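Assemble the complex: chain A is given as a structure, and chain B must be docked to it using the hints.
Number of protein chains: 2
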Amino acid sequence: MDKPNGNHTVRVSPTALREFITSILTTLEVSPSQAAIVADVLVAANLRGVDSHGVALLNWYANSLSRGLIVKNESAVIETEGPGFAIVDARNTLGAPAAIMAMDKCLELARTNGLACVTVRNGNHFGMAGYYAMKALPQDMVGMAMTNASRLVAPTFGVEPMLGTNPIAVAVPAGSEYPFVLDMATSTRPFGKTVVAKDRGELLPEGVAIDAEGQPVHDPGVFIEAVRKHTMALLPLGSFAELASYKGYGLAMLVDILSGVLSGANFGKHVNEHPEEPANVGHWFMAINVASFLPVNELKTRMDTLIKELKESRKAPGQQRIYIPGEIEFETEIKRTKNGIPLDLNLVNLLQSLADDIGTPVKIEVIE
Amino acid sequence: MDKPNGNHTVRVSPTALREFITSILTTLEVSPSQAAIVADVLVAANLRGVDSHGVALLNWYANSLSRGLIVKNESAVIETEGPGFAIVDARNTLGAPAAIMAMDKCLELARTNGLACVTVRNGNHFGMAGYYAMKALPQDMVGMAMTNASRLVAPTFGVEPMLGTNPIAVAVPAGSEYPFVLDMATSTRPFGKTVVAKDRGELLPEGVAIDAEGQPVHDPGVFIEAVRKHTMALLPLGSFAELASYKGYGLAMLVDILSGVLSGANFGKHVNEHPEEPANVGHWFMAINVASFLPVNELKTRMDTLIKELKESRKAPGQQRIYIPGEIEFETEIKRTKNGIPLDLNLVNLLQSLADDIGTPVKIEVIE
Numbered sequence: 001m002d003k004p005n006g007n008h009t010v011r012v013s014p015t016a017l018r019e020f021i022t023s024i025l026t027t028l029e030v031s032p033s034q035a036a037i038v039a040d041v042l043v044a045a046n047l048r049g050v051d052s053h054g055v056a057l058l059n060w061y062a063n064s065l066s067r068g069l070i071v072k073n074e075s076a077v078i079e080t081e082g083p084g085f086a087i088v089d090a091r092n093t094l095g096a097p098a099a100i101m102a103m104d105k106c107l108e109l110a111r112t113n114g115l116a117c118v119t120v121r122n123g124n125h126f127g128m129a130g131y132y133a134m135k136a137l138p139q140d141m142v143g144m145a146m147t148n149a150s151r152l153v154a155p156t157f158g159v160e161p162m163l164g165t166n167p168i169a170v171a172v173p174a175g176s177e178y179p180f181v182l183d184m185a186t187s188t189r190p191f192g193k194t195v196v197a198k199d200r201g202e203l204l205p206e207g208v209a210i211d212a213e214g215q216p217v218h219d220p221g222v223f224i225e226a227v228r229k230h231t232m233a234l235l236p237l238g239s240f241a242e243l244a245s246y247k248g249y250g251l252a253m254l255v256d257i258l259s260g261v262l263s264g265a266n267f268g269k270h271v272n273e274h275p276e277e278p279a280n281v282g283h284w285f286m287a288i289n290v291a292s293f294l295p296v297n298e299l300k301t302r303m304d305t306l307i308k309e310l311k312e313s314r315k316a317p318g319q320q321r322i323y324i325p326g327e328i329e330f331e332t333e334i335k336r337t338k339n340g341i342p343l344d345l346n347l348v349n350l351l352q353s354l355a356d357d358i359g360t361p362v363k364i365e366v367i368e
Numbered sequence: 001m002d003k004p005n006g007n008h009t010v011r012v013s014p015t016a017l018r019e020f021i022t023s024i025l026t027t028l029e030v031s032p033s034q035a036a037i038v039a040d041v042l043v044a045a046n047l048r049g050v051d052s053h054g055v056a057l058l059n060w061y062a063n064s065l066s067r068g069l070i071v072k073n074e075s076a077v078i079e080t081e082g083p084g085f086a087i088v089d090a091r092n093t094l095g096a097p098a099a100i101m102a103m104d105k106c107l108e109l110a111r112t113n114g115l116a117c118v119t120v121r122n123g124n125h126f127g128m129a130g131y132y133a134m135k136a137l138p139q140d141m142v143g144m145a146m147t148n149a150s151r152l153v154a155p156t157f158g159v160e161p162m163l164g165t166n167p168i169a170v171a172v173p174a175g176s177e178y179p180f181v182l183d184m185a186t187s188t189r190p191f192g193k194t195v196v197a198k199d200r201g202e203l204l205p206e207g208v209a210i211d212a213e214g215q216p217v218h219d220p221g222v223f224i225e226a227v228r229k230h231t232m233a234l235l236p237l238g239s240f241a242e243l244a245s246y247k248g249y250g251l252a253m254l255v256d257i258l259s260g261v262l263s264g265a266n267f268g269k270h271v272n273e274h275p276e277e278p279a280n281v282g283h284w285f286m287a288i289n290v291a292s293f294l295p296v297n298e299l300k301t302r303m304d305t306l307i308k309e310l311k312e313s314r315k316a317p318g319q320q321r322i323y324i325p326g327e328i329e330f331e332t333e334i335k336r337t338k339n340g341i342p343l344d345l346n347l348v349n350l351l352q353s354l355a356d357d358i359g360t361p362v363k364i365e366v367i368e
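For the record, the sequence lines run as chains A and B. Anchor point for the first sequence: position 123 equals 123 in the working numbering, and the numbering is continuous, going up by one each time. Anchor point for the second sequence: position 31 equals 31 in the working numbering, and the numbering is continuous, going up by one each time.
Chain A extracted, bound-state conformation (with noise of 0.2 Å):
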């Protein structure tokens, strides 16, 4: 839901933005399939209005290839294979093509044993966590990611960044209704909202960021640079502890966990913890079989049902409508695939001062 501010934004068809997006990471010597895959991620964030994840990061990553940081001419490989699990070593290549081996590989041995997971270590940034979720659902199964990150979140009574943002991403078919896509970071706000509240100049309720002496923070842009020093952090959701901020804290130890601590990468406050080090990211992919557990169809009546009946309960005053996580992404994507994607004028004059830098003679090209 992070929009662009509308003042400053052109639209751009996603056909070109994936065509730009391969262009640039050739360029920089990744293979055309592996840039491919990057491209469609990035690409599918912008087109559900998760601009965060969309091609804003692709500086970061061409940034990242050319220190070598990230490693290019090789792939993630499966490590062991059981009956039910698999692990991935990354090897330090792009995280999107790692996590579609990974996400790939869980939905092959969760069809014939009703659920998989999959852990990925030396991983890198996979970007939105709920496109690998998603794979699952033109296969009638529900899918499952997580990721750990770099660290931003403060414990529950700390204030010191320990934990990443570590989102959980769960996607489930439905029938007529749009499938129920959650994808959440587990603290109260991404950093990327951080970000867009500084683009568009608005402040930071309380509850989403505190300093050193816990006290909140309104101004995002303080935020940002402090956050790099580790002297700020973001609060787990919940926001207080009387309103049950451990919850949210301990959602996100658990997926540090399930993602870090399980597949051997690092973890905590260890993740991209040396920036002349590869980040080791971990990853965590589950899938689960709807058709072990019930017929497909009637797995989605009942999803309907649940759907329907939820968005017609009483509302608020002043509300008009009820959403169904990842509701407003999937309408989002409709109009942007038909009309574009809007990008801020200073992110697509960064990006094309990107494929200036490094030679490649590809423009974005603007629909209007």
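One thing to keep in mind: the hints can contain errors.
[Said to hold, decoys possible] Dumping the calculated DSS-like pairs for lysine-lysine here, alpha-carbon to alpha-carbon at most 30 Å: (1) A:Lys311 x B:Lys269; (2) A:Lys315 x B:Lys198; (3) B:Lys308 x A:Lys308; (4) B:Lys198 x A:Lys229; (5) A:Lys269 x B:Lys229; (6) A:Lys269 x B:Lys300; (7) B:Lys269 x B:Lys72; (8) B:Lys315 x A:Lys269; (9) A:Lys105 x B:Lys105; (10) B:Lys229 x A:Lys315; (11) A:Lys105 x B:Lys300; (12) A:Lys229 x B:Lys308; (13) A:Lys363 x A:Lys338; (14) B:Lys269 x A:Lys308; (15) A:Lys300 x B:Lys105; (16) B:Lys72 x B:Lys105; (17) A:Lys335 x A:Lys198; (18) A:Lys315 x B:Lys269; (19) B:Lys229 x A:Lys198; (20) A:Lys269 x B:Lys311; (21) A:Lys300 x B:Lys269; (22) A:Lys229 x B:Lys311; (23) A:Lys311 x B:Lys311.
FYI, nobody ran anything at the bench for these hints, they're computed from the structure. Predicted model, so just to flag it, every value in this text is computed and none were measured.
Relative to chain A, chain B alone:
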């Protein structure tokens, strides 16, 4: 962390309390083995300080047994079993014995399969979710347990209770540290904590409960009365839309999907919908065999590191400790195992009346 108010409590030994519960249940024609399981689950909750899920539930269970809403002299059955999954039909028997059967099967399947899950339908209230997750710990596995429940929680932008407080429990072994045991309602507070607030004469802070107009409810007594008529609701974790309550709502829905929709049980507002019909609660259990992923000792050492680093991180002013999920409950368990379980005198009298009513001569033996 629900503690009876300090004024009118007595202390009871865990062994005596288990014997009392078993005696009540066997008098109601529950088999000794099922009665012993229910007694152990309830007393485990009291020992851990989760008094809302302890012996306080016995009156409700006994009432449901007497009215034929819970079936006795039958057992749950494993209806379907695959390599990594099983489906249990609890046949409307007592919640805890059916849940134990499901979790035991789950652990057995995960041992050879890497991970496994088991769904339960036609279930009943199973007590403290963490009990089942923690069954994985002595086997060096990760355990998970979820259940849906009677509707109490409103979706974001809604005011009508449509989902249960739907808990998520996860247990992960550690080495020298206490295991990680997250056991959380997906609402800001579970219902039991509103009852505790009432008993203590405390008000509910804004962000816990709302009335039919979406306005905060502060008086727990008013809330407890109204919630039976579905005219008030608990708020999902996050409390307010601007602090991301849609995430708590999404998690509550996720638990309902895995526990209810996928299992074939009731779901959403239909759980325990008709007071004269079986509740048809649904559960979800999962186990991960640590040794499939890395040596157990390595997992435990890594858990200890994560836990120690979190606990040693900088505290907010005025805070002395950072807690790991489950830590307070482990400390309470040690104290109560030694000193006995403090029970409110009103509760003890209520339980004694129950024993008298059903004609069993058992007495709750008080330590002092």
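For each hint, the structure was consulted:
The suggested pairing of A:Lys311 with B:Lys269 holds, with an alpha-carbon distance near 12 Å, which does not exceed 30 Å. The hinted pair formed by A:Lys315 and B:Lys198 meets the criterion: a straight-line CA distance of about 28 Å does not exceed 30 Å. For the suggested pair B:Lys308 and A:Lys308, the alpha carbons sit about 46 Å apart, so the restraint of at most 30 Å is broken. Annotation: proposed proximity of B:Lys198 to A:Lys229 is violated, straight-line Cα distance about 44 Å (limit 30 Å).
A distance of roughly 47 Å separates the Cα atoms of A:Lys269 and B:Lys229; the hinted pair therefore is violated under the 30 Å criterion. For a cut-off of 30 Å, the pair hint linking A:Lys269 to B:Lys300 stands: about 18 Å separates their Cα positions. Taking the CA atoms of B:Lys269 and B:Lys72, the gap is near 26 Å; set against the 30 Å cutoff, the hint holds. Of the pairs offered as hints, the one joining B:Lys315 and A:Lys269 holds, with about 16 Å between alpha carbons and a cut-off of 30 Å not exceeded.
Taking the CA atoms of A:Lys105 and B:Lys105, the gap is about 25 Å. The hint holds against a cut of 30 Å. Proposed proximity of B:Lys229 and A:Lys315 is supported: the alpha carbons are some 17 Å apart, at most 30 Å. Taken as a hint, the A:Lys105 and B:Lys300 pair is honoured in the structure, with Cα atoms around 27 Å apart against an allowance of 30 Å. With a C-alpha separation of about 22 Å, the suggested pair A:Lys229 and B:Lys308 falls inside the 30 Å cut-off, and the hint holds.
The suggested pairing of A:Lys363 with A:Lys338 holds, with an alpha-carbon distance near 21 Å, which does not exceed 30 Å. Taking the CA atoms of B:Lys269 and A:Lys308, the gap is near 12 Å; set against the 30 Å cutoff, the hint holds. The suggested pairing of A:Lys300 with B:Lys105 holds, with an alpha-carbon distance near 27 Å, which does not exceed 30 Å. For the hint linking B:Lys72 to B:Lys105, the alpha-carbon distance of about 22 Å falls within 30 Å, and the restraint holds.
Taking the CA atoms of A:Lys335 and A:Lys198, the gap is about 25 Å. The hint holds against a cut of 30 Å. With a C-alpha separation of about 16 Å, the suggested pairing of A:Lys315 with B:Lys269 holds against the 30 Å cut-off. At most 30 Å may separate the alpha-carbon atoms for a hinted pair to count; B:Lys229 and A:Lys198 exceed this at roughly 44 Å. For the given pair, A:Lys269 sits about 12 Å from B:Lys311 by alpha-carbon distance, which is consistent with the 30 Å threshold.
At most 30 Å may separate the alpha-carbon atoms for a hinted pair to count; A:Lys300 and B:Lys269 meet this at roughly 18 Å. Restraint check: the Cα-Cα separation between A:Lys229 and B:Lys311 comes to about 20 Å, which is no more than 30 Å; the hinted pair holds. Pair hint A:Lys311 plus B:Lys311 does not hold up; C-alpha atoms about 42 Å apart against a cutoff of 30 Å.
The earlier numbered hints that this structure contradicts are 3, 4, 5, 19, 23.
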